[in-house]
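The chain contents come next:
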Amino acid sequence: MNRTILATALGAAAAVALSGCTRPAQYVDPKGGRVMVTLDQINIQDWSMAAESAITDLLGAGVLDKVPTPPAVMVVSRVVNSTSQQIDSDLLTKKIRVALNKSGKALTMTTRGPGGSAEDELAKEIAQEWKDLGLTQPAQRPPDFSLSGKIIETYTRAGNYRQAAYTFQLSLTDNRGIAVWEGEKEVVKQGRRPSVGF
Amino acid sequence: MKIGTPLRWVTAGLLTLAATLGTGCNTTHHQVNTVEPANPTYVRRNIDDKRIIRDSSTAKSVNVLNVIEGNTPDGLLRIGVEVQNSRSKSFRFNYRFDWFDGQGFPVNTPTSTMVSQQLEGGQILVLTSVAPNANVKDFRLSIQESTREQFPVLRKN
Chain A
1 MNRTILATAL GAAAAVALSG CTRPAQYVDP KGGRVMVTLD QINIQDWSMA AESAITDLLG
61 AGVLDKVPTP PAVMVVSRVV NSTSQQIDSD LLTKKIRVAL NKSGKALTMT TRGPGGSAED
121 ELAKEIAQEW KDLGLTQPAQ RPPDFSLSGK IIETYTRAGN YRQAAYTFQL SLTDNRGIAV
181 WEGEKEVVKQ GRRPSVGF
Chain B
1 MKIGTPLRWV TAGLLTLAAT LGTGCNTTHH QVNTVEPANP TYVRRNIDDK RIIRDSSTAK
61 SVNVLNVIEG NTPDGLLRIG VEVQNSRSKS FRFNYRFDWF DGQGFPVNTP TSTMVSQQLE
121 GGQILVLTSV APNANVKDFR LSIQESTREQ FPVLRKN
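Quick note, the sequences are listed as chains A and B, same order. Numbering follows our numbering, with no gaps: position 13 of the first sequence is 13. Numbering follows our numbering, with no gaps: position 2 of the second sequence is 2.
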């Protein structure tokens, strides 16, 4: 009788455990609180939190209105990656650009980039065509600001516990070469293993 | 069995209990003390707010003290929600500001995202956000206890 009860209990426990191992895929809100958190990489909510902090700080500083003809024109310069990962800094800068565009405070020039590159090569060719043909077009002007930055990773380990700190540094430089706004956001994660939710 | 043995065990138990309670008498749990001017020079513009409490425990740990309204130098609405952890233990939570246009529709902005925050016992913090554009005047702040789980618990659909 005892063996039967024990076997039944073990079987039920195994069934419960195994059912938890098969996790069907499902969609989660990327802006919600149930995305995965890992220590060995920058997660999407880390990018979101860094961008949110930069946008709130930048809009709150009020520097973008101090241009001769608003809205300001901005280009995105280099964002240096000082982490051990391969990352695309557009995950940060695009969010900032979207927010500034929607605020009406700054527009981004996509035909200029670091080293003469352009984000949109076709747009650059079209702009050149207009210029070559001498067609009427809105007056072009050099950018008012340049956005640059750096992402730094600091990793600490104490026994089984690990801590990963990502520092997002941004600078907004005007046409005199002076950084009129600077922001820094640290995202620190601790733990022994990944989790869902934060 | 000797007559004094139960008394010895009772005494040992009481002493252990006293030691445990004694260490537990320091119930500060790393709470935060604050010092600020008695008459601050800032002038706050507090606004009335409507609260819908679904989680009373979180409402105690993230107790909303004031909702402050202001403007950025270039005219965007800025909101600050001053919160305090009324409990003695630290509390981890997420918060998110959503913004609404003049017709009540949500405005899609990168700043409408969950932000993780931790409040120590007694700590006071101001959660801030800036409106996405000059035409946006209404907001909603969502506060939720940390949703961290070590293993995902997914319901079968």
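Hints are computed from structural coordinates only; laboratory data are not their basis. Each hint should be verified, as a subset may be incorrect.
Capping the alpha-carbon separation at 30 Å, the derived lysine-lysine pairs in DSSO-like fashion look like this [said to hold, decoys possible]:
| hint | chain 1 | residue 1 | chain 2 | residue 2 |
| --- | --- | --- | --- | --- |
| 1 | A | Lys102 | B | Lys89 |
| 2 | B | Lys60 | A | Lys66 |
| 3 | A | Lys66 | B | Lys89 |
| 4 | A | Lys102 | B | Lys50 |
| 5 | B | Lys60 | A | Lys94 |
| 6 | A | Lys189 | B | Lys137 |
| 7 | B | Lys137 | A | Lys31 |
| 8 | A | Lys185 | B | Lys89 |
| 9 | B | Lys50 | A | Lys189 |
| 10 | B | Lys89 | A | Lys31 |
| 11 | A | Lys185 | A | Lys131 |
| 12 | A | Lys131 | B | Lys89 |
Comparing the hints with the structure gives:
Of the supplied pair hints, the one linking Lys102 of chain A and Lys89 of chain B is violated, its CA atoms being roughly 40 Å apart against a limit of 30 Å. Distance restraint check for Lys60 of chain B and Lys66 of chain A: the Cα-Cα separation of roughly 43 Å exceeds the 30 Å cut-off, and the hinted pair is therefore not satisfied. For the given pair, Lys66 of chain A sits about 45 Å from Lys89 of chain B by alpha-carbon distance, which is inconsistent with the 30 Å threshold. As the CA atoms of Lys102 of chain A and Lys50 of chain B are separated by approximately 28 Å, the hinted pair is consistent with the 30 Å bound.
Pair hint Lys60 of chain B plus Lys94 of chain A does not hold up; C-alpha atoms about 37 Å apart against a cutoff of 30 Å. Our distance criterion of 30 Å between C-alpha atoms is broken by Lys189 of chain A and Lys137 of chain B, whose separation comes to about 34 Å. Taking the CA atoms of Lys137 of chain B and Lys31 of chain A, the gap is near 22 Å; set against the 30 Å cutoff, the hint holds. Between the alpha carbons of Lys185 of chain A and Lys89 of chain B the distance comes to roughly 26 Å, so the proposed pair stays at or under 30 Å and holds.
For the given pair, Lys50 of chain B sits about 33 Å from Lys189 of chain A by alpha-carbon distance, which is inconsistent with the 30 Å threshold. A threshold of 30 Å between alpha carbons decides the hint, and for Lys89 of chain B with Lys31 of chain A the separation of about 27 Å falls inside it, so the pair holds. Among the hinted pairs, Lys185 of chain A with Lys131 of chain A is inconsistent with the structure: their alpha-carbon atoms are about 41 Å apart, more than 30 Å. A hinted pair counts as satisfied when its Cα atoms are at most 30 Å apart, and Lys131 of chain A with Lys89 of chain B does not qualify at roughly 65 Å.
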